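Asks: The residues making up each chain are set out below.
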Amino acid sequence: MKNKAQGFSHAFLLSIGLAPGVAAEGIGGLSQAIDTPRAASGGADDLAIIFDYRENYRALSFGLQPSDRFEIGISFPTYDEGSGSSSGNEISFGLRLLDEGPYVPGLTVGVVGFGSDDRGSGEYVLASKTFGAFQTSVGLGWGRYAGEYAGGRGDDDGVIRTDHLFQGDTEPFANIVWETGTRGLIAAAEYSGVAGPEAEDTFAASLSYPVVSGLTVTGLVNNQGSAGLRLRFDANPTRPFVQTDIGRGPHPYVENSPARANRPQPQAQQVFDTLKERLEDEDIRIRRFAMAGDTIDVTASSAKDPVFARISGRVARVLSAIAPANITTFRITQNTGAFDSNVVVLDRAGLDRAVGAPNAAERAWEATSFEASPMSRPAALGETGFVPRFSYGIAPTFKADFIRSDILEFTGTLNANARYTFSPQTFVSGTVGYRFLNQWTQQDPPAEPQPRSDFTSYTPDLPYLQSLSLRHRFRLAPQLYSRVSAGLFERAYGGVSGEVIWRDPEQNFALGLEATYVQKRAYEGWFGFEDADASTLIGSLYANVGQNGNFVVLDAGQYIAGDFGVGLTVGRNYTNGWRIAASTTWSEENDAPLKFGAEISIPLSWTSPEGGASTTNLSVGGQSGDFGSRVSGTGLLYDELRASDKRRIEDGFGEFWN
Amino acid sequence: MIKVVFSAGVLIALSGCGASLGQMRDAILNPNPEVAMTIPQVNRAAIEQADLAAVLMLSPSVGLGAVGIAIQMRDGRIIYNANENRMVTLDGGLIYATRGLGTNLQAVTTQSDDPLVTEAKAGTWPSQVTRTYFLTQRGTSFAQVTATCQNQVGRSLDIDVAGAKRAVVEVVESCETDTAESFHNVHYLDAGNGRIWRTSQWTGPVQGNIQVDVIEPFEPDA
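Chains as they are written, first to last, in the working numbering: chain A, 1 to 658; chain B, 1 to 222.
Please keep in mind that the hints were generated in silico from the structure rather than gathered at the bench. Quick caveat: nothing in here was measured; it's all calculated off a predicted structure. Warning: the hint list may mix true and false statements.
[Stated by the list, open to error] Just so you have them, the derived chain B footprint on chain A, three or more residues with Cβ under 8 Å:
id: 1; segment: 31-41
id: 2; segment: 644-654
[Stated by the list, open to error] Calculated Cβ distances over 12 Å to all of chain A for the following chain B residues:
id: 3; residue: D75
id: 4; residue: A82
id: 5; residue: E84
id: 6; residue: T132
id: 7; residue: G154
id: 8; residue: V206
id: 9; residue: E216
By construction, the Cβ of each residue, glycine as well, lies at the ideal position given by its N, Cα and C atoms.
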């Protein structure tokens, strides 16, 4: 610790001339002051997307906070080390062990770059205390936080090691973060015992400014000759940027009463016409209506509302006012497009008791049960013959992937899509794409086609046929959903694929099996094939876990290279349509550290009341190597069925009366 | 000298007190000048002729205003429904629930002698009232926010409520929630019987205050 008093002034002075330096940049998406850790100060469900840019370091990081105490970071850093560059893919964890009290500091531990042999691997323990607008942290670091960047700390030929954790040399660090109260400005300063090219210790300072709500830009500088910019997007899926109930309200609920039975009762056609008319104003479409005995059965959907519990509630509200008095049950069928996936059965008397109560959603849930939709149903009102239709569109997609090299790159593709739908179950679709951002340089094809690593042998700089395939979906039994697909599924593969999923509407899990046979597509042209084929057989478990919208998808089986692999996706669904997921795949043939991918879907309704159910999607990482890779574009059924999971509907039941 | 300093201190304290009540009231009733309010025209004559109970509901945070007509009574609470099914449910003078005014309030529970529910006269209110607000969250249980409010009686004045002059007493409630959030409610009570003619009440951390003007009160015996 030398010349500490001059450290900060040096930091500003040295920022004028930048020199390559080795320092522990960023902390993998976890809470940070500048380049040193701090205690997580956010709350459950906080999400941050961070982009760091410095001369010798760039990183895209995601910070997720599953609970108030626990943080997960996924980071994709690239380091320029003069002689070349190296990239990483890190997963990091931070856990607040102790909350701070009036006199006692909080205690946090973190592991950065777990299972990675990259230079970003490191661990820390820190104590933190808040004094008004100041949050201070002091701690001890290992690995990257002690200036130890040698590989092999966390990985040994693909096997994750843990014996290095909190082992080896240590260095102290300290930081202070000040919320100035002026235009949202946040100032931070920090010290780290890590040496750099310019000094034995590292001092840094930063200033952050919120450009718009949720988006912060930070300028930072240190005394090792490094300066940079950091863009940070903060959001919390449970706290929308807009008021959520600004649109049309629901119809008033009217309890059933003995007096109603003495009045003239409406016929089915009258009830259907009124129901349809009133719900059209709420963008809810009634596709089928039947009234028989003591039951009304409707199939309802909305192109704008992603919360089926709210759709069900709104249907029930209208029915409560217009249904004959002898009707005791409202059956509301959920339709995914291809399938009638669930029947939500509502007991009218139970809803009568629930409405207006302080625990109205809980009581409505008690009045609700689930059934699988029957395979066939008698003709009903509102059913119209399907008219085949043609649709098309052009849309850009942005993705950060590893396809061109081992370095994560931001890519942009313009896709022209067309689809002809023969029936609700069957369609043919195609996509022509053109990658306009970060094109690759074409390589000579390898002697033997490879599963994925030969991607740069495909022709760049030309529009290409991304996919052209036929898909048919059907049910084998009330709880067995199935699909067959044939054609060109993705840029590299075409063939045939079949899938079966078992799901019981009352259960919180489903089981799937997909078998695919494909031929490698030609490197040149749109329709040819190489002399190489592959078959995959992958079983999947889809499970909703706990009460917070958490889900797990576990895939296992034979992947494209003939290797046995296991894929794991964990994430969280939100009732408003947000979806956050992280994934990785292990293969018996893997000879490199695990790679992690991240996916985020943000519903447009979260940012604008008129946004509707469509989403903005961001995915980073994903398939890159030859092993543990499956064919994409076959049309996995769970993607369209997951909105029908009982747990998803239960998650949204707080919206039933909205 | 000591007397002068003491007097000045008392004066500053008193004037500060008076100013803060007025500032609170003004801030609540005119919260964000950048949000343009759309206040509908009220045809009082038509409402009176049709013998309807009606309220004017205003959501200052989103600039929405609507005239609601009493359509239902459930458990003693009156549901007022406006265009596009925007709704407010009143339990006496307490805003019990809202729909379509920003971020829905599902319900409010309160103590049995809540003066907003019993519509007690100003000056007879209990010193402290605790209410629990129920709001949508993930799952089947509503999130709960409990707030404790202390009240302060302000000036007596005449106000115009949709064309009718009402002699009222102003009461400001200062509240703190169990999540350490603070807010204020402002009520204008009939000087004679304590009935609420105008009230601006907190209805949740996102929706904030909703103002209700009682154009024609619900009178079941009328």
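Asks: Does each hint fit the structure? Answer for all of them.
Replies: Hint-by-hint comparison with the structure:
Closer than 8 Å: that is the beta-carbon criterion, and the segment 31-41 of chain A has 0 residues meeting it against chain B, so the requirement of 3 is violated. Requiring three or more residues with a Cβ within less than 8 Å of a Cβ of chain B, the coverage given for the segment 644-654 of chain A holds, as 5 such residues are present. Consistency note on D75 of chain B: stated as away from chain A, yet its beta-carbon is not over 12 Å from all of that chain's, at 6 Å minimum. A beta-carbon of chain A is positioned within 12 Å of the beta-carbon of A82 of chain B; the least distance is around 8 Å.
Once the 12 Å rule is applied to beta carbons, E84 of chain B is inconsistent with being away from chain A; the minimum gap is 5 Å. Not every CB of chain A is more than 12 Å from the CB of T132 of chain B (nearest about 8 Å), against its label as outside the interface. Consistency note on G154 of chain B: stated as away from chain A, and its beta-carbon is indeed over 12 Å from all of that chain's, at 30 Å minimum. Distance check for V206 of chain B against chain A: the nearest CB is about 6 Å away, which does not clear 12 Å, and the non-interface claim fails.
At roughly 19 Å, the least C-beta separation between E216 of chain B and chain A is larger than 12 Å, which holds for a residue marked as non-interface.
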